[in-house]
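Participant: Each chain, letter by letter, is given below.
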Amino acid sequence: MSPQQGEKFGSWLARQLRRAGMNQAELADELEMTRAAVSAWINDRAEPRPETQRRIAAILGTDSASIYNRTDVAPDLPLQWHHRSAYKDGGREYGNAAAFAFNADLSALAREATQNSLDERYDERKPVRVRYTLEELTGEHLDQFLAALHWDELREHYDEAALLEQKVSRSLKAALRDLDENKSLILLRVDDYNAAGLTGDEYGDGRYTAVVRRQLDSRKESGAKAGGSYGLGKVTLWATSRFNLVLINSTLSESYEGRTERRVVGRVDLPWRKVGNEAYAGPAWFGQADTEPNRQQVSRSWWADEQTVRDLHLDRLSDEPGTSFLIVGAHDASGTAESLKDMHEKLVIALAEGFWAAMVGGNDGGPLLEASVVAMRNGRVVVDEKRVDPHTSHPALSRAFKAYLDRDTVEELTTSTQVARADVTLVVPPRKSDKRKQGGGHHRAVLLVTPAGEDDDPVNQVVYMRGNRMTVMSKRPRELPLGATRFHAVLLAGYATEQTGADVELAEEFLRASEPPEHNDWKHTEELTSVYARGALSRLREFRVEIDKAVRQLVGRRTTVRGEGPAALRELLKLDVFGPAGSRSRRNVPLVEITRGDLDDTGAWNVWVDLKLPESDSTWRLTPIAKFDVRSGGRPVVAWKEIVPRDNCREEDGNLVIEAGVRLASFSGITDPSSHPVHGNLAGLIIDIQKSRGGAL
Amino acid sequence: MRPFLSYPRIPDTVELEIVSVSVDGRDLPYSQISRTEKTVALHQTGRGDWDLATLHLKAVLPDQEIADGPWSDVVCLAVLSENSTNVRSTARLAKGRDGTWQGKIELVRGRHLRRAVLSLAVVGEVNGVPGRAIGKSEAPWYLDLKESTPRRQREIKIVEADFREASEEWLRGFKDSAWVVATVEDPEIPIVYLNTSGVEGLVEVLNGTSGSAAEKVLRDTTTSQIAQDAWIAMFHTAVSNLDQDDDGTPIMPTGWQEPVLKMMLPDVLPGRQLTDALREINECRTSGAGWAELQTNIQFAAGKRSQIAKKLTGAVRTVDREERSEP
Amino acid sequence: MSELPAVDFPAVLGLLPDTAVTKHLSHAVQAGKDFFVPSALRRAVDAEFEDQPRWHVGPVRVLVDEAMDRFEGRRSKADVWLAPRLHATLRMTRAEAADSRLWNYLAMLVAPDYVVWRHRGSKSGIAKTSRFSGRHDLQAFARLWWSAELFRDGSDYRPVEPFWAYQDAVNSIMRLEIIDHRPTAAAMVRIVERLANEGVPNASDHVNGLSKAVNAAGSTLVFDVIAPDSPVDHDARLDWIAESAHAAEVPWDRLPDGPDDGAVDKRAVDVLVPMFEKLLAEAPLRVRSKKDADDDD
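Note that the protein sequences, when read in sequence, are chains E, H and L. So the number in our numbering is just where the residue sits in the first sequence, counting from 1, plus 744. So the number in our numbering is just where the residue sits in the second sequence, counting from 1, plus 1052. So the number in our numbering is just where the residue sits in the third sequence, counting from 1, plus 1.
Rather than coming from a laboratory, the hints here were simulated on the basis of the structure. Quick caveat: nothing in here was measured; it's all calculated off a predicted structure. Virtual Cβ for every residue (Gly too), placed ideally from N, Cα, C. Some clues are possibly wrong.
The following label-pair restraints were derived from C-beta to C-beta distances [as the list claims (entries may be wrong)]:
hint, chain 1, residue 1, chain 2, residue 2, range
1, H, 1204, L, 236, 27 to 33 Å
2, E, 1222, H, 1065, 32 to 38 Å
3, H, 1251, E, 1396, 57 to 63 Å
Among the chain E residues that face chain H by a calculated CB cut under 8 Å, a handful are [said to hold, decoys possible]:
hint, residue
4, 1151
5, 1155
6, 1198
7, 1200
8, 1310
9, 1317
10, 1319
11, 1338
12, 1424
13, 1430
14, 1434
15, 1436
Which chain H residues stay away from chain E? Per the calculated CB distances, all over 10 Å, these [stated by the list, open to error]:
hint, residue
16, 1182
17, 1221
18, 1229
19, 1269
20, 1295
Could you build the full structure based on these sequences and the hints that come with them?
Facilitator: Here's what the structure looks like:
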């Protein structure tokens, strides 16, 4: 059986010796063997016998399983911040350029970070799970955290950077001041589980370097569904931190240095600054000093123990692969979410908005993504963990997507809960590089339409999706017929159709090429015209036209064309549908309201009535008339036994007289039960107010 | 006003939805069910006669409030009725697992004529009295047997016809008129007949959308005039056959008459409650006292609906401009 | 036999629009002086029915003539005899019966003499327009047909008889929407029957009080839930209509059979009767001036 990862014993041993600060001679002495023997192992000319390996393990402070698995011995080296020295050419950068490309609000963070997690899903049979944890630290909790972070080493750099007259300096200054004054810090941890984790070498190509070491590296893997994982989007992590500081703990899906758990590193992005006599440029890393000969002093990721990750608030819920990003000093740059509760809510909304489709599962295939958000203060939960449910946030669209996954769609809508499906063809033009101009193909995109609820808003939009259910845009179809069914619609193209085949890949690439950097439209781009043959733009246009047509067919009414008369005349003869003109005309008339009513022992109604009157120059003379409600037809009048004026009115011959200018009057009345057609308990009472006869108005 | 009761009603209104309709076992296209208009068009062009429509219903009740309130034995009842056939049939809805109330009710073609009305009654025992109406759906659904487009308020019909050769016998008597307004011909909706042979070319001008300034003036003023005739005629018809309460208070009619009265009464008798205004009108009409004076107000209200002043102002300005530009 | 002039009636029923009645109903017709049908009136007919036996005018005409003969001098008594027989002769669905044009046709072209005979006012000397063309509870034929339709108990027409016991109560009951619930209608008829059997004085006023009370109580009580009815079998009615092709003309001295579309639920009626009796007992009795039931002014 060959050891894991197939690393040769020699190279493993050489690294362990370096880490332990031992040389070959010292090991030979400890083992009471010759230096030649050790040298032979190091150069892979020979391997020690199992008994010797056990002894080597003991000397290095590890066990034979680690040797077998080629696990590195975790050296107990001190943690340190390594600040990159200024460029020799004297160039100065005052901020991370990429960070300016994003609005550092929490919605953007949720969108970018979660998209990365989705793109890095590890086991395709299970969803990737993301968990956002907001935590506010104060008092000793804060002190302990800052100590674990070696805040003191950083502080002087922050102080210097904050002195500069730069945009980033000003915001740093504010952040430092708030920390000093409020003695409180908000952490936001973004975890994913069942994701690849930050695999790969400390310095060479890989997920780890894409996140930790490089900028503007969109690490595109051909054929991947990703729009470029850990590309520009990762910048939002740093942009969300008021200190541009992010700590990382990753569980790897492929071991590195023989290990998978607790690969920890920190990174801060700072502008050019001078501390003491040294000038520094840009980033600094938190880790162990590298032991490699040519990288002395550089901080590298280390394999942390459990206590350390707990101290750094980086402990993970399980040993499943994935990464935790801890944003130190998290804030919402838009300023709309300041409290923990607001930030919690904003994250939930952003996750639902951006990923409802990925969170929908069918009967057979589960969702691609699960997401939840929790908020804590000093280790205590303050806003319960909230699982983002697409069926609550986007009920109609989620229903549509689920119906599609369950093959439960119909061709024609007959109920308000059904989902109609229509296929729309996208013609993918050949690439210019296709020699015989025979490339390209026909992709069958899927349009889903379902009726909207009465109060839904917005409606009548088509949500366009591709990739792993990524929303590109929402657009209203053109030329919707008047009075068409209000609807929700989704267009699935490329991988979002959940289909496989050459056409799917072609469409995916074609549509991606037609997206601007914001990925929010399918239109003319430079890439489109440089890569694809002539007519690419027309194909996109035709696609839109076909989609709109399909929508119209599914929701439109077959309006019978018949002579409806001149439009100008029709306009003047319109009847209002619901409650016509009611509210408008009611402003000028007296309003009556029964504020209290009881049936007394004699069966009479005792009622208190308010009269609201419009502005008037003349005295009101009103007759209140009591009637019993009926199921149909004429309402019987019941007689008053007495009417008592209460406020702002007087009685004259059974009428109420109210002086001009009075806006509110009230009276009480008792009905005559002998005039009741039925016991008062059995019918509703109505009071009409009439302008009385004879009296001058 | 809403009747005042001796017992409590449930606080919120209830929502009733027609989820789907099957006609003789075949599902009606959803485009013929309009949730916003709360109307179903049961007529399917190109399909023959049918016997039975099954309406699948869903209702949402404020269940928590009902549970906390003084009501018991709560029944959710769908009521399907049509006045002209004196039909009333009911069906109970049952509470489904998702908390909504569901059920179906059958509409038998032979028992309905034009438009059936579907509403929801919530019934329960209150203060020891069983079978009380304790809530209902706000606006009822309409089930239109003659329409293929679900429209709640039917538009006033405009028919272009050659009166000389009209299939409607009575129209021939008006062969020299440019238009007539018929308010009782179709009990469902008033009809404006435009005579294609009365004033040659007029109907073409009315139907045009462009043309010379003079044409536009003619179109605007004529349509206004026709509309005014129509509103006056509709108003008179609407007040001519009012049902009355015991004390002679007329009852607001249903059908097209209702919106016509509600739209015009505030201008005919400003400052009055609708019922009071209606009573006044009815008294004038039946006794004759003040009826003649009221005509002025009716004309004013109709003129306002027809935008007479606005259209005439436009016309005068146009003519004025034309004259000035004459060489 | 009546002194009215003869009517030259058509052979098959048809539909006549309301506007044609307004236009062609002359004073001479309303007064029963002349039943001449102008050709313009014939042309105004929207549609004549296809030649199915149930649309033949003959049997209706025979019935009407017999009624005028039998009840000469006591015309109000004709209603109770005619209602079930007209219903069993004119076999149709409610949708068909709700078309006012059919009733217009009967009144204007088939039997204007009956309308005048039954409804001519003793003072005015004419029959009102609403008896020719009007609401289902006023039009001369519609009121008879609909009373039979609304008060029969499945195929049993007997409950229709007490309904007609008090002429002026008929109007107050027939327009109420509450009677569209069959057990409600049946319960009210049972009470009317009791009043008639007991010979209660001022019974009409009692009936009026009852209908007013039930109509008001119906604004808060849902009788459909208190007394659920059994469903109506519309197919049975269609069978009954189809049978008319070979059914004999209705009997004169016993009641015909109506459509066997399901009896009213007896338990439901039993629940409502005591409830309505209580409403009647509590209702204020307003004695109205005695009116001649025969007078139609």
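Participant: Each hint should be assessed against the structure and marked as holding or not.
Facilitator: Structure-based check of all given hints:
no.: 1; hint: H/1204 with L/236: 27 to 33 Å; result: 32 Å, holds
no.: 2; hint: E/1222 with H/1065: 32 to 38 Å; result: 37 Å, holds
no.: 3; hint: H/1251 with E/1396: 57 to 63 Å; result: 59 Å, holds
no.: 4; hint: 1151; result: 19 Å, violated
no.: 5; hint: 1155; result: 11 Å, violated
no.: 6; hint: 1198; result: 5 Å, holds
no.: 7; hint: 1200; result: 10 Å, violated
no.: 8; hint: 1310; result: 4 Å, holds
no.: 9; hint: 1317; result: 4 Å, holds
no.: 10; hint: 1319; result: 4 Å, holds
no.: 11; hint: 1338; result: 4 Å, holds
no.: 12; hint: 1424; result: 6 Å, holds
no.: 13; hint: 1430; result: 5 Å, holds
no.: 14; hint: 1434; result: 5 Å, holds
no.: 15; hint: 1436; result: 10 Å, violated
no.: 16; hint: 1182; result: 13 Å, holds
no.: 17; hint: 1221; result: 21 Å, holds
no.: 18; hint: 1229; result: 16 Å, holds
no.: 19; hint: 1269; result: 12 Å, holds
no.: 20; hint: 1295; result: 6 Å, violated
The structure does not agree with the numbered hints 4, 5, 7, 15 and 20 stated previously, though it agrees with the rest.
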